[in-house]
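Line by line, the protein sequences are chains A and B. For the first sequence, position 106 matches number 147 in the numbering used here, and the numbering has no gaps at all. For the second sequence, position 7 matches number 30 in the numbering used here, and the numbering has no gaps at all.
Hints may contain errors.
Stated by the list, open to error - DEER-style ranges, computed between Cβ atoms:
no., chain 1, residue 1, chain 2, residue 2, range
1, B, Arg119, A, Ala119, 26 to 32 Å
2, B, Asp80, A, Asn136, 28 to 34 Å
3, B, Arg119, A, Ala70, 19 to 25 Å
Treat the hints as calculated values from the structure; they're not laboratory data. Idealized CB from N, CA, C, for every residue including glycine.
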Amino acid sequence: QQQVRQSPQSLTVWEGETAILNCSYENSAFDYFPWYQQFPGEGPALLISILSVSDKKEDGRFTIFFNKREKKLSLHIADSQPGDSATYFCAASDNSAGNKLTFGIGTRVLVRP
Amino acid sequence: DAGVTQTPRHEVAEKGQTIILKCEPVSGHNDLFWYRQTKIQGLELLSYFRSKSLMEDGGAFKDRFKAEMLNSSFSTLKIQPTEPKDSAVYLCASTRDTYAEQFFGPGTRLTVL
Chain A
42 QQQVRQSPQS
52 LTVWEGETAI
62 LNCSYENSAF
72 DYFPWYQQFP
82 GEGPALLISI
92 LSVSDKKEDG
102 RFTIFFNKRE
112 KKLSLHIADS
122 QPGDSATYFC
132 AASDNSAGNK
142 LTFGIGTRVL
152 VRP
Chain B
24 DAGVTQTPRH
34 EVAEKGQTII
44 LKCEPVSGHN
54 DLFWYRQTKI
64 QGLELLSYFR
74 SKSLMEDGGA
84 FKDRFKAEML
94 NSSFSTLKIQ
104 PTEPKDSAVY
114 LCASTRDTYA
124 EQFFGPGTRL
134 TVL
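Please take these sequences and the hints and turn them into a complete structure.
In structure tokens form, the structure reads like this:
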């Protein structure tokens with residue numbers, strides 16, 4: 042049973058376009074949602090995160106939109122660059138369960154120049 | 024500050040062997056995590072330590088996987104005996120606090136023949 046689901050599994054966009062990555066979850070107790078970026082041969086690294094008390098978080102070209110009622114969130118990558126080509130993981134945690142993260146399966150993004 | 028260190032980066036084992044993977048977390052971090060990463064299952068939690076105490080040992084991975092935290096700056100993951108289905112990338116991560124970033128090491132790529 043996957044508690045955090047991501048779609049699509051892979052996504053190709055042209056340089057300059059906005060890439061939209063989707064994530065949904067089942068556990069209503071989840072209150073923290075980080076997105077991690079992973080390049081081949083490296084470990085994941087935190088890109089941006091949001092707490093469930095907010096509905097939007099922006100950091101440069103990266104924006105998280107969060108809908109608590111529908112248990113959905115999305116990551117928008119504006120003005121996509123070839124250097125953004127990577128795998129993106131949506132994750133979630135429940136503060137009462139410690140700092141353990143539950144990860145989605147990931148979305149592989151390819152940005153074509 | 025040094026990041027999370029993992030050794031070895033690559034490991035090849037014969038079926039039935041015992042292998043030990045090593046991890047040094049970021050200095051001062053209280054929580055340490057071991058994950059297994061595969062294309063099909065994504066990131067799966069194997070073990071979770073808080074201040075050297077085992078908080079979670081990954082359920083399905085209990086029988087052949089054993090993680091230990093010998094001191095606050097060193098952890099091992101033992102797989103005994105190895106099976107071909109254990110071929111994956113094993114990631115170690117650490118964090119210092121609730122809602123804080125999990126810092127990942129580069130991973131150990133294990134191939135079991």
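The hints, checked one at a time:
Range check, Arg119(B) to Ala119(A): Cβ separation about 31 Å, and the 26 to 32 Å hint holds. Separation of Asp80(B) from Asn136(A) is about 21 Å and departs from the stated range, judged on CB atoms against 28 to 34 Å. Distance hint check for Arg119(B) and Ala70(A): the Cβ-Cβ separation is about 22 Å, which falls inside the suggested range of 19 to 25 Å.
Going down the numbered hints, you'll see the structure goes against just number 2.
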